[in-house]
Each structure stands twice: as C-alpha cells, then as structure tokens.
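Enquirer: Chain by chain, the residues run as shown.
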Amino acid sequence: MRRRLAWQAARLHEIRAETATARTLVLDVPGWPGHLAGQHVDVRLTADDGYTAQRSYSLAAPADGDRIEVTVETVPDGEVSPYLTEVIEPGDQVEIRGPVGGWFVWRPESKAPVLLVGGGSGIVPLMAMIRVRRQADSRVPFRLLYSLRDEDHRYYAAELRRPEPGLDITYLYSRTSPPGSARPAGRLTVADLAEGGWPADFAPDCYVCGPTGFVEAAADLLLTLGHAPERIRTERFGPTGD
Amino acid sequence: MSIVSRGFRGRRREGGDLPPGQYLVEDFPVLSAGPTPRVPLDRWEFAIDTEAEQTHRWSWEEFMALPMQTPTVDIHCVTKWSKLGTTWEGVSLDVFFEDVETAAEYALVYSYGGYTTNLPLEDLLDGKAWIVHSFDGEELAPQHGGPARLIVPHLYFWKSAKWVRGIRLLNEDWPGFWETAGYHNYGDPWREQRYEGD
Ligand SMILES: Cc1cc2nc3c(=O)[nH]c(=O)nc-3n(C[C@H](O)[C@H](O)[C@H](O)COP(=O)(O)OP(=O)(O)OC[C@H]3O[C@@H](n4cnc5c(N)ncnc54)[C@H](O)[C@@H]3O)c2cc1C
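Chains as they are written, first to last, in the UniProt record's numbering: chain A, 1 to 242; chain B, 1 to 198.
Any given hint might turn out to be false.
Claimed, not checked - Only part of the chain B face toward chain A is listed, based on derived beta-carbon distances under 8 Å:
| no. | residue |
| --- | --- |
| 1 | Ser5 |
| 2 | Pro19 |
| 3 | Gln143 |
| 4 | Gly182 |
It is worth saying that the hints were derived from the structure and are not from the lab. All of these numbers come straight from a predicted model, not from anything done at the bench. Glycine residues also receive a C-beta, built at the ideal position from the N, C-alpha and C atoms.
The following block holds chain A by itself, in its conformation from the complex (with noise of 0.2 Å):
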C-alpha cells in the first residue's frame, strides 16, 4: 500500500531568529511519521479568498515527536518566504505534506566519512545531519564548509560554535571575512576543498547544497579533486541560478 501524502495542518508554535533575514520556524503537525536528515517538506499557504502559494523547505532538524523545525531565508520580493519569516506568529497555520526526498539523505547506520559543503540557506539539511549524527551518537567523521556572504549571515551561530568531536567546521565568506582572517572573502576555490574537505580517496560521501551556482561550482571543483560522481550528491534551492 502506498501512503498518499497529504496535506496536514501544521501550527506554528515558535518563531527564532537566525539571522537578520532568516528565521527558524517550529512547527507542530499532529501525527507526524518521522523523517531523515535531508527530507524536505512542502509548505501550502492559503489566503482567504482561496489563493494558494506553495514551496519546498528543508528539514533542519530531527523530530521531536510532532514537532520539527525548518528555517527560511527571505527572499527579497518573494511570494511564500517573506510571509514564513515576517508575517506568521505562534498559532498560525499553514499546511504541509511531507516528509519528501529519498536520495539527498544521511542515515545514522551509514560509515562513510562525510563532506558537507553548504553555501548560504543551504545549510539547512546539512545542519539536519550534524544534528541527527549527534543525537545518534554517530562517530562519523565529518566535515563542514560553509560558505557565507559574512559573520551576520551565519546561521545555528551559537550551536555550531559548541565544539563537537568528529565535527570540523570551516566557514568561508564569499563578501566580508571577519578580521584577522587568513583568507580573503570570495568564492569556494579548489583549495578550499582540499584543505577543508576529505582526500577523494577516503570516498567520503559529499553532500552539497545552495543556489544553482554555487552547487555546480562546488560539485564540478569536487570531481576536479576526484571525488566519485556517484558519491556527491547536490540539492538546489530554485528559482534563480546565477
């Protein structure tokens, strides 16, 4: 037998400020099946006159029963983003069908090393899975590279800061480094994933995700490097490439 996604009712029961644009929404959806760390859901908005609007949101966080997590970027004139990150309060709806996505997906079970390299938003599901290994006190060894316009635009700041062992993070600003810095601002280079990523031989599992150019760069600068097409997986966060 095969489940329908449905629609359900999802209620906001807490709103968090990530960064100046971006906010982390907690929501509760009686019911909730569970889901990997990777899944999306899709959010519908409706208004009152029967318009809807829908869009895809990473998971950013395990389950906690029915409660799960995503967090938004606004996008400057966007349709759904702006209404997740400004308008809605605790007790609003909205409804969601999910979880989605089979393939951009880290199971705990899994032994490989892993890569994960997120530019801007799409560190969400990357975050999903330094969370999921910690809550399954996974020793997987991973590391992350994130790239970010500059310090404001860090998401998970304070829990990211925490020092976690087989966690390596390296944050790469692609406007304005912090000072002191050894590297300049600018975009993800082949040194950077060399220095902050895993030799190819170690066949990590790499998993990238942002906007459509950052993705290509990154994926292409992988297999320069000699990654295994089949172990780099990509997610792109539509609608606008470079």
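Dock chain B with the ligand against chain A, hints included.
Expert: Below, chain B with the ligand alone, put in the same frame as chain A:
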C-alpha cells in the same frame, strides 16, 4: 477547503494557464541530483534498445543530420516553477522510432551520469517528445543537459532526462531514479502527480 493562513495574500504573478501549484519564472532554474556530466561529442551516442535486444544507434553526426524541429513548449518542474514558451531545437522521437520494431509498452530513459526515468512509450511518440541540442537558439549548456537532452513537455520536467544516452524498451514498467525515491510514477502536472500515491 484548505486551511487559511492568517495574513497571507500572495503575490499572484499570474502566468496565463499554469497547472495547479505552479508559479511562473522568467529565469531558468537548474535541478539535478549530482554533478553535471561533460560528454565530448566524438564519444556521444544515442541508442534505442528494444525488448528483443536490438540496438539502434546514432552518433552525433548522424543525429545532427536528421530532420530538425523547433518546438515551442511550456515546461513544468515538480519543484513548482513553470516556464512558458520555451523554444528548443532537435529531433522528434518519431523520427528515431521510424525503423524500430517494438511491441513494448514502457520506456526507461537513461543518461550519461547514471540518471534514469521511466514513462509509457506512447508518451514519447506522436509528436510529444524530442531529443534537443539547442535552447533559445543557443547550444544547450551542460547544466541544462547538453549536449543533448530529452524534452517531454506534457510531464513534469524530471521526465525530460538531461544528458540523454538512450532508451530501453521494456514489456514491464521499471521505475527510474526519482520514481524510486518517492516521486510519482507518471508525473502529470495538470493532475498534480508529484509524489508517489498522488
Ligand atoms: C528541495 C528544496 C528545499 C529547499 N529548502 C529551503 C530551505 O531550507 N530554506 C530556504 O530558505 N529555502 C529553501 N528552498 C527554496 C524555497 O523553496 C523557495 O524557493 C524560496 O523560499 C523562495 O520562495 P519565495 O516564494 O519567497 O520567492 P519567489 O516568489 O519564488 O521568488 C524568488 C525569486 O525569484 C524571483 N522571481 C520569481 N518569479 C519571478 C517572475 N515571474 N519574474 C521575475 N522574477 C521572479 C523573485 O523576484 C525572487 O527574487 C528550497 C527549495 C527546494 C527545491
């Protein structure tokens, strides 16, 4: 009736006749599951493998010598964007199938890079599908599936396999990459067949 989200009004960028749940884009988003394969033209080929194990092959030169069409079609991605009036250049699948003898009902399309997607054979025939090498008058970029991709505009865009390499004809349906990962087996945007069971 769905639940109203207090304070949501929507932007309503209407785009004429869009399938349910879709919104209009002017740019061209890219979605794929892994890195972009690069296929040199001198090693490119397109093949049709029949259920009787007969293979029909076309090299790049043979492909480019076939009669070309320039279909202008709307495309609909399962991630909710639609793009209207896109113009491609390529060869109708009907041309490739002229000399192919088959009684198979199903097709499994396969790509350079390992991607697969399945659809009923009849959805590829009668002017419904093309192998294209150009978009908007320009050579198809690798990230959009170049050198050549399939275009099946009446189904969600994941059926329009990028970097197409061949079609295997089958008597039984064989789900492809996204179809095994929770997406709908057929994928009609007008019936909103996004996920398994829709
Ligand atoms: C699998 C998946 C997971 C995702 N996960 C996340 C996540 O965890 N967090 C997150 O923040 N995002 C995520 N996204 C992206 C998200 O789904 C939305 O695309 C994003 O929030 C923007 O939606 P919007 O309605 O605000 O903007 P839209 O209204 O879609 O607009 C986006 C941009 O495109 C431009 N645009 C749109 N339509 C037109 C038009 N007709 N003409 C000109 N310009 C136009 C807008 O001006 C704007 O700049 C994910 C996407 C996918 C596919």
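Enquirer: Using Cβ atoms only, decide whether Pro19 (chain B) comes closer than 8 Å to chain A, and label the hint accordingly.
Expert: Given a least distance of 12 Å, the restraint on Pro19 (chain B) is violated.
Enquirer: Hint Gln143 (chain B) vs chain A: min CB-CB distance below 8 Å?
Expert: holds, 6 Å
Enquirer: Hold the hint about Gly182 (chain B) up to the distance rule: shortest CB distance to chain A must be less than 8 Å.
Expert: Interface hint status for Gly182 (chain B): holds (5 Å vs cutoff 8 Å).
Enquirer: With a cut-off of 8 Å on the beta carbons, see whether Ser5 (chain B) makes it to chain A.
Expert: holds, 5 Å
Comparing the model with each numbered hint stated earlier shows that hint 2 is the single one that does not hold.
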